[in-house]
Every structure is written in C-alpha cells, then in structure tokens.
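K.L.:
Using the sequences plus the hints, can you model the full thing?
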Amino acid sequence: MKPRLNFEWLHGCSGCEIALLNSGELLFSLFQLVDIVHFPLLMDHKYIADPGEEGDLSLPEADIGLVTGGVGLASHLKILTAMRRQCRVLIAVGTCAGHGGIPAMRNQWTAGQTMETVFSTATTDTAPVPDGVPALLDRVSSIDEQVRVDVCLPGCPPRPEMIIAVLEALIQREEQRLPHKSVCETCPTVRTGKGQATIHRGTVRAAYTPGEPLDRMRCLLEQGLLCMGPVTAGGCGGRDVPLCLRSRVSCRGCYGPVRKYGNQLLDMMNALASNGIDYRTIIDRTSLLRFSGAHGRLRPKGERK
Amino acid sequence: MKRAITIEPITRIEGHARIRIDLDESGRVSDARVEITALRGFEQFVIGRPAEEIPRIVTRICGICPWMHHLAAVKAIDGCFGVSPPPAGNLLRELAQVLAHIHDKILHFFFLAAPDFVLGPESDYSVRNVMGLVRSEPELAARVVRMRQLALAMLERFAGKAIHPVAGVVGGFARPMDAGEQRDLLADGQVLLDFACQSLAFAKERIFSRFVEEMLSLGSVTTGFLGTVDAQGSLRLYDGLLRLMDPGGGLVEFPVEEYDQFLAEHVEPWSYAKMVYARSWGEGISLDSSQPRGIYRANTLARINVCDHIATPRAQEELEAFRELFGRPAQGTLLYHWARLIELVYACERTLELLADERIVEPLVHHVVEPGAGRGIGHVEAPRGTLLHEYATDGNGCITRANLIVGTTHNVAPMQLCVRQAADRLIGNGAADEEILNRIEMAVRAYDP
Amino acid sequence: MNWDAKIIAFCCNWCSYAAADLAGISRLQYSGSIRIIRVLCSGMVHPQQVLHALDKGAAGVMLIGCHLGECHYLKGNEVALARAEVIVDTLEDLGYASERFELTWVSSAEPERLVKAFHHMIARLADLDRGSPVFTAGGAGRLINET
Ligand code: SF4
Ligand code: SF4
Ligand code: SF4
Ligand code: FES
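Which chain is which? The protein sequence lines are A, B and C, in order. Last residue of the first sequence: 365 (this note's numbering), numbering continuous. Last residue of the second sequence: 996 (this note's numbering), numbering continuous. Last residue of the third sequence: 148 (this note's numbering), numbering continuous.
Don't read these hints as lab results, they were simulated from the structure. Keep in mind that a hint or two might mislead.
Said to hold, decoys possible - In silico lysine-lysine, DSS-like type, Cα no more than 30 Å apart, as pairs:
(1) C/LYS57 <-> A/LYS254
(2) C/LYS57 <-> A/LYS365
(3) A/LYS361 <-> C/LYS76
(4) A/LYS138 <-> B/LYS751
(5) A/LYS138 <-> C/LYS57
(6) A/LYS241 <-> C/LYS57
(7) A/LYS138 <-> A/LYS320
Claimed, not checked - Here are a few chain A residues that face chain B, going by a calculated C-beta distance under 7 Å:
(8) GLY84
(9) MET165
(10) ARG166
(11) GLY172
(12) THR174
(13) THR177
(14) PHE179
(15) ALA187
(16) ARG261
(17) LEU303
(18) CYS304
(19) SER307
(20) TYR321
(21) SER347
What the hints assert, rightly or not - Simulated restraints on C-beta separations:
(22) A/SER334 <-> C/ALA98: 21 to 27 Å
(23) C/ILE26 <-> A/VAL264: 57 to 63 Å
(24) A/ARG276 <-> C/LEU69: 41 to 47 Å
(25) A/SER334 <-> B/ALA726: 39 to 45 Å
(26) B/ASP578 <-> A/PRO120: 29 to 35 Å
(27) A/GLY253 <-> C/LEU41: 22 to 28 Å
(28) B/ASP971 <-> A/GLU228: 45 to 51 Å
Glycine included, every Cβ here is placed at the ideal spot set by N, Cα and C.
P.N.:
Put into structure tokens, the structure is as follows:
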C-alpha cells in the first residue's frame, strides 16, 4: 500500500504548491509515490466529516503531512494541531513554514495596528474591522514554534525535486540529506577579495557585459550591491546557479538562514563589518529578516526587552 | 428547525475561504455567504521599506500570480520615482505577464475547474480532481502538465526566477534578451498557441456543449463589469484605460490615476476580504440578492465584455463566436471558463507578437533611477481581475503609505450573490448532499478566487 | 535586591579570565548572577552567541578582553570591537535594549576593574528591568483578545 499524504497550507501564498504543480513529470511521480488523501488546493476533502454540518475539524490519518505557510490566525493553529495529530511524520515545506517568511514581516507591528492600517486605506469605507472571522494571532510564527516538526525544507518556493527527494528518502527510510551550503557557495561570480566599502541603494543595477556568462561577472557584494548570498541557505538553483543571479539581481535571502537558527540580519551585518564594509549604509536593516522574522526575531518597533 | 451549513474549506481554489448557508425553519435558504478567512497585512508591513524592494516583497501576496503583483508594484514605484522604462524594458515586462497568464489559465481550467466538468459534479470527491483526471484522461493530463511546464520554462529562460520573480526592476527590466532566446521562445510560443486553440476546441466540444444550460443558470446574476482596454477599445492585459460597464451595458473610461473616484471598498464583519464596488454609480453597495447595488465583476468574462474587440486574429474570431451565442454583456457565471480560454488564445498570440517586435532584444532595458518622494499607481489585468497598487514615498524613497486592490476582491461581492442564487436554486427543502454543495462551490470556482 | 537574572560574561583566557581568577583569590565579592564563560580570545565570540544567550533568557551579555594592543592573538580584540558595534546596533533592530550588551577591557592585573564592571552591568540591567518585560518569550500563538 502506498503511504498516505495530507497536504495543508496555512499563512502562505500557495507558491509552494504551485511550484510542485509546475514540475511536470515530477508531479506524476508524486501521484505515484503517495496516495493524497487531503489537499484543499486539488481535492474536495473537507474539514468536517459530515458534509455541510457543523462539527469538529477532522483530517484523515496519514503517514506523511506536508504543511506550507506559517501560523498567523487562530484557525491555522487548529489545523496545524490536527495535522500533527493525524500525521506520523510532519514536514514544514517552504520558508514561511520554517522561518515565518514574508508574512512574518507583520511581526514588526501589533496585530491591532495591522488591522487598523489595512481597514483604513484611502478607498476603504469607514467600518469596524471584521470580528466574525478567525482572529489574528499577536504574531506570525513558524510551525516548529507551535508543534514538533520532523523535517524543515526551506525555499520560497522550494524546488519541487527537493520535496520529492525528501518524500522518497522518507519512504525508503533513508537519512534526510538537506544541503547546508550558502547561496555564495553555489554562485560562480568572480570574487577578488576587495570590494566597495559602502552599500548602494537597491536601485543600482549590476555591472556586467550582456551575453557573458555569470562566471565573468564580478560578485555583486563586491560591486557594492546588497547581496544576501553569504547568509542564505543555498539550493534555489538546483545543480545550476542561484535563481536571482540568473537575472543579474542580488539574493534577498528567500531560503532563510544557512543554519536553522541563524539570524540573517545579524550574520549579514557581521559579514559586512568583518570585511570592512560600512553596514550603516544599509537603510531599513530589518528588511534583512524579511524571510525569517518568526522565532521572535522581528518585534514591534520601539518595543524593547 | 433553523440550521447552518458550512462548507469549509472551499476547495480547488487558491486561498482560504468558506461558505456559510443559513436555513430557516422550513429548510429554505435565509442567508448565504462566502467568507474569506485570511489576512496578511501587506499594506502595513511595506511601510518604511525602500520602495525599490517592494516588487520583491508583494510577490508573496499570491503564489499563482506573483508576476502580476511584481509588475503592478514595479509600475507604481516607477511612478513614485518618476521614471519610465525604455521600450525593451516594457516589452519584456509585458511578455513575462502574458506568459504568466498562460500558465495560470492552464492551471485553473484543467487542474482546478475541469474535474467538475470532465468527471462530473456528482462524481465522488476522491476522484473529482486532477488525480482522477490523470487516471481517466492520461493523454490530456500529460499534455496539460507539459504545457504548463513549457510556459514556466519560457519565463525562466529570460527572467530567471518564475515564481516570485525578480526581473522587473524599477526603471525597466533586469537583463536584456538575446537573439538566440528570442528565436527559441518564438518556436515555443507557437506550440503554446496551438495548444490554446486545441484546448478551446476541446472544451467547446466536450464540456461547454454539455453544460450550456448550467453555464447560463448556475450562480447567474446581473452585474456590471470592469476591465482594461487601449485607446481603440481593444482588450489589454498589461496597460491601458480602465473601462467600467454598468449592468445595462453603459461604459465609462478612466485612467488608473483616477481609480479612487470610481471605486471604493466595503467591509463586512464576517470576511477579511474587502468588497470593491462602483462608487461612481452613486448608489453605494448592497448585497441584497433581490436588489443588488454597486456591484460589478472583474476577471476574464469582465474583460471580454468590456472590450470592443481583441487585436489578435484568432482570439477575435473566438470573441465574435462567443458574442454571437451569449450577447454583450454575457452574464452567465460559468461563462468565465469560456472567456478564460479565449483569453488564453489571446495571451499566446500576444506572446508571439511581442517576440516578433525587434525592439525586444535591444540592450537598453532599464534607465537610471533616483529614489525620492512621490506617489505612483500601477495596474495590470491579473488573471483574477484588475490589480491596483498605489504607493507614496518620502524623501528617502521609502514607503509611507500603500493601498492595494487585489484582483479577487472585485469579485467578492458578486460571489456572495452567486452563492446565494445557487443555494436558493439547489437547496429546495433543506436537503443538501455532497453534489449540491459541490455545485454551489462551482459558482465560486468560476471566479478562480 | 531580589533580582535573579543571569548575566553571561565571555572572558578571554589571557587577561580577563586571569583577572577573574585573581578576583577569586583576592576574595573580591561579586554577584552570583554573573556566569563566566572562558574563551581563548574576545575576537572569537560571534554576535550570534550573544544573541543566543539573550534569546535563551540571559538578562545581559558581557564581552571582556585584553586592553587594545595587548591581545595575545594581536588583533583579536580589534575584531571584537568592530563586532561590538554591530551587536549594539543590531540588538536594537531585533528588539533588545542595547544596554544588554557590554564590551570592556581588563588586564590580568586588574581584578578590581573587572568586579567594578560586573557591578556596573548589574545595576544597569536591574534599572532596565524595573518595569516588567513587555515581550514575553514563548508567547507565540497567543490570541490577541486573550490579553
Ligand atoms: S514559502 Fe514562499 S512560496 Fe511558499 S507559501 Fe511562503 S511565500 Fe509562498
Ligand atoms: S555575494 Fe551574491 S554575487 Fe557574491 S558570491 Fe555571494 S551570491 Fe554571488
Ligand atoms: S538567490 Fe537568494 S533570493 Fe534568489 S531565489 Fe536564491 S535564495 Fe532566493
Ligand atoms: S586574547 Fe584577550 S582579547 Fe585576544
């Protein structure tokens, strides 16, 4: 019998799922590898067993559970808990699930401030903010802050072949081998060891000769562009070069920190300072945590402990 | 006995939503609504960020159409900083956008919606999905999967990252296209166009013909429509004038800068999604299904309704045939699917047009940009409707204020009406089996929310 | 003072740890809140370790090395000085008061100076924590309307 799989999404964008659906043949291998028993994006299994009636949230039992997105609403917590209960192995898929991802940027404000802002934009009619909906949690957390997670697979979105590889390894009871390299270690640009002492604004574009391969372009950090390659987990390009670099654009850290509990802001500042680069030329440093603001990294402004 | 039926989650859509139907003592529907149950707060957390970073942040609003948010934002920030891209920059942006439309439409039609039609709305939930489709129509499924992958590969070829893209930059596009890429993409584009035409033929023969009545009746409501056209009144996806049609077919046109005069957003306590309505009609908004007010729709059918014609030949042919059958404006909710496939044909033809433009390989793809204070509004037609981003920046070029009107939100109010209509029609005596509930969901799925 | 917080003090082996040793021998008193971690050189303490200590609940972190020019690895304390700036700025970004970190220099012959630095830090942190902490660790997932 094939292993059964539950696939849920929480506080994310569905990009993780779409990446998987885009993967062509790989998608068929997923269908062959497992029996999908619950997957709201693709199939009509509902939370409540008796069609249409009120009741407790129920999910099928499964051998493997995949969860994308972090936890931002009371309803996410309920679904996540049910997933943990019903799945023997739980996998956090994507940077949101593992580190909070972009939605955790809201941790720099209180939930109340966020509601206030969203419901008072120029074109919004004056009305009380919605209250008949699942409540916002005070901050967005990664799923491993809430329940035990067996494997964390980063990426925004992760590469589908990584998802499949993890599932295969799991099914064959092999050891999980996730890459521990940084983006820089997979980047072929030319490094001379000497670079700009300041960091430009993001409006400055990379200098390179069009038509020449990436291994003839100077490292973007050395060109004075803020590239987060040194403090970001590698793998976005698969066996090939990092994705953003293919567009000659610098890395913004979407795979999260190289080590699970690394801190992209602190590590980047440290890397800049140790290389004699004036980190104070960066405006809005908290943007460096845009993909990994969970785990208490980002906090409301002015709130110090 | 009074009772409530909850369909949660609405499945085979993108995102989190549920349907709640209230029944009175006699088992008749007394209220029905679609509740959008997610809120992330982008308007809040873009504040204070260097504006040029925004196009790389707002992509995460939606993983299905990150290109739309990427491009609407990049256009808005162009406005804040007072730059406009060179010709190649604009052509490359639009090419990326139409390619993204292509893979979205294939996804929505075949992966999410088609199981209802090909396998039947009454089939068991365990087979009424893309996995079931793979088993019952393996050849079609394999082809669909390959075509999606092809559209994605084309995007990656010249734009690097296809999901959560980075190639649109303030002032233009990140890198030029070379002649080799242009040649290969033209060949691939032809493959997509053939597939698009075959898809439409397949759908007409195998699906639409069988469901015509359903298409006109299920979730049917009468509303206005919003879309984008060029100065000649032709369908546009990347830029142009907004055109708002009232339920009677009357048209007004306005530049996107004036959107706040024409549109406003209404808040209900039971949904995180704001409901956009036509402020300029001066009648406010009412969700009362017997007498709705202020409600218009966006997305495929809306665009097909508001445009006078489509500037590419095959899509124009299809548009004429469509109008022949359903008139203008066509109101049937399930006709969104049909309109979607017409747009798919247009997007493929437009891909070839853009690639045939010699300027697309020019090396100058972006202009120099100086961050500063300003206000900018960017808009594109996203698969799910007209998408608007507005930002204001301070002297440092950092965001002080943001307003986002996301494609789906135009259709939130009409969705209420459709679900109410479908529920009224299908739940006669309080009995609601799985098939009936799925049919109600189909009214939502048409909008691809 | 009923203030039982812990303060982690990274002391370099050659100067400040020696000073701490000497303080012990000379029976100089300092609070049990101070927990010394011996490192070979102040230059080897990564900002991440400072943050980790705070994340784990330390009230403050001290980094204590040899006087400038006297590092036994020549430039280790200069590295520490550069990092200290990063730490101070970044702690504020991460929502910690920058007062929770302190860098200072002590030679092996200055146990009084070391003890004074400890007293100083304790007083500063006790001051800081007089009002109760606003952000409780492990509070993720709290419902906003629960508080
Ligand atoms: S990790 Fe990225 S792609 Fe996945 S849900 Fe989060 S934002 Fe979307
Ligand atoms: S800093 Fe950026 S450009 Fe330089 S090597 Fe690392 S990833 Fe490549
Ligand atoms: S280069 Fe960096 S930002 Fe770009 S995809 Fe890779 S990890 Fe993400
Ligand atoms: S050995 Fe004491 S600071 Fe380097």
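K.L.:
Does each hint fit the structure? Answer for all of them.
P.N.:
Outcome of the hint check:
1. Of the pairs offered as hints, the one joining C/LYS57 and A/LYS254 is violated, with about 37 Å between alpha carbons and a cut-off of 30 Å exceeded.
2. Taking the CA atoms of C/LYS57 and A/LYS365, the gap is about 13 Å. The hint holds against a cut of 30 Å.
3. Taking the CA atoms of A/LYS361 and C/LYS76, the gap is about 36 Å. The hint is violated against a cut of 30 Å.
4. Annotation: proposed proximity of A/LYS138 to B/LYS751 is violated, straight-line Cα distance about 43 Å (limit 30 Å).
5. As the CA atoms of A/LYS138 and C/LYS57 are separated by approximately 27 Å, the hinted pair is consistent with the 30 Å bound.
6. Under the criterion of a C-alpha separation no larger than 30 Å, the hint pairing A/LYS241 with C/LYS57 is consistent with the structure, at around 26 Å.
7. A threshold of 30 Å between alpha carbons decides the hint, and for A/LYS138 with A/LYS320 the separation of about 25 Å falls inside it, so the pair holds.
8. The interface hint given for A/GLY84 holds, since its Cβ lies 4 Å from the closest Cβ of chain B, which is under the 7 Å cut-off.
9. With its C-beta approaching chain B no nearer than about 4 Å, A/MET165 sits inside the 7 Å limit, and its interface hint holds.
10. Given the 7 Å rule on beta carbons, the hint for A/ARG166 holds: about 5 Å separates it from the nearest Cβ of chain B.
11. Taking 7 Å as the C-beta contact cut-off toward chain B, the hint placing A/GLY172 at the interface is violated, the least distance being around 11 Å.
12. With 7 Å as the threshold, the beta carbon of A/THR174 comes within range of chain B, its nearest partner Cβ sitting at about 4 Å, so the hint holds.
13. Nearest Cβ of chain B to the Cβ of A/THR177: about 4 Å, under the 7 Å cut. The hint holds.
14. For A/PHE179, the shortest C-beta to C-beta distance to chain B is roughly 6 Å, which falls under 7 Å, so the interface hint holds.
15. Interface restraint check for A/ALA187: the shortest CB-CB distance to chain B comes to about 4 Å, inside 7 Å, so the restraint holds.
16. Of the supplied interface hints, the one on A/ARG261 holds, with its beta-carbon coming within about 6 Å of a beta-carbon of chain B, less than 7 Å.
17. At a threshold of 7 Å, the smallest CB-CB gap from A/LEU303 to chain B is about 4 Å, leaving the interface hint in force.
18. Taking 7 Å as the C-beta cut-off, the interface hint given for A/CYS304 holds, the closest approach to chain B being about 5 Å.
19. The restraint placing A/SER307 at the interface with chain B holds, with a minimum CB-CB distance near 3 Å, inside the 7 Å limit.
20. A hinted interface residue such as A/TYR321 counts as satisfied when its beta carbon comes closer than 7 Å to some beta carbon of chain B; here the least separation is about 23 Å, so the hint is violated.
21. Using the Cβ-Cβ criterion of 7 Å, the hint placing A/SER347 at the interface with chain B is satisfied: the shortest such distance is roughly 6 Å.
22. At about 25 Å, the CB distance of A/SER334 to C/ALA98 agrees with the hint of 21 to 27 Å.
23. For C/ILE26 and A/VAL264, the hinted distance range of 57 to 63 Å is satisfied, since their beta carbons lie about 58 Å from each other.
24. The beta-carbon spacing between A/ARG276 and C/LEU69, approximately 43 Å, falls within the hinted interval of 41 to 47 Å.
25. At about 44 Å, the CB distance of A/SER334 to B/ALA726 agrees with the hint of 39 to 45 Å.
26. Remark: the range hint 29 to 35 Å for B/ASP578 to A/PRO120 is upheld by a beta-carbon distance near 31 Å.
27. For the pair A/GLY253 and C/LEU41, the supplied restraint of 22 to 28 Å holds, since their beta-carbon distance comes to about 26 Å.
28. Restraint check, B/ASP971 to A/GLU228: a C-beta distance of roughly 49 Å satisfies the suggested window 45 to 51 Å.
In terms of the numbered hints stated before, the structure departs from hints 1, 3, 4, 11 and 20, listed from lowest to highest.
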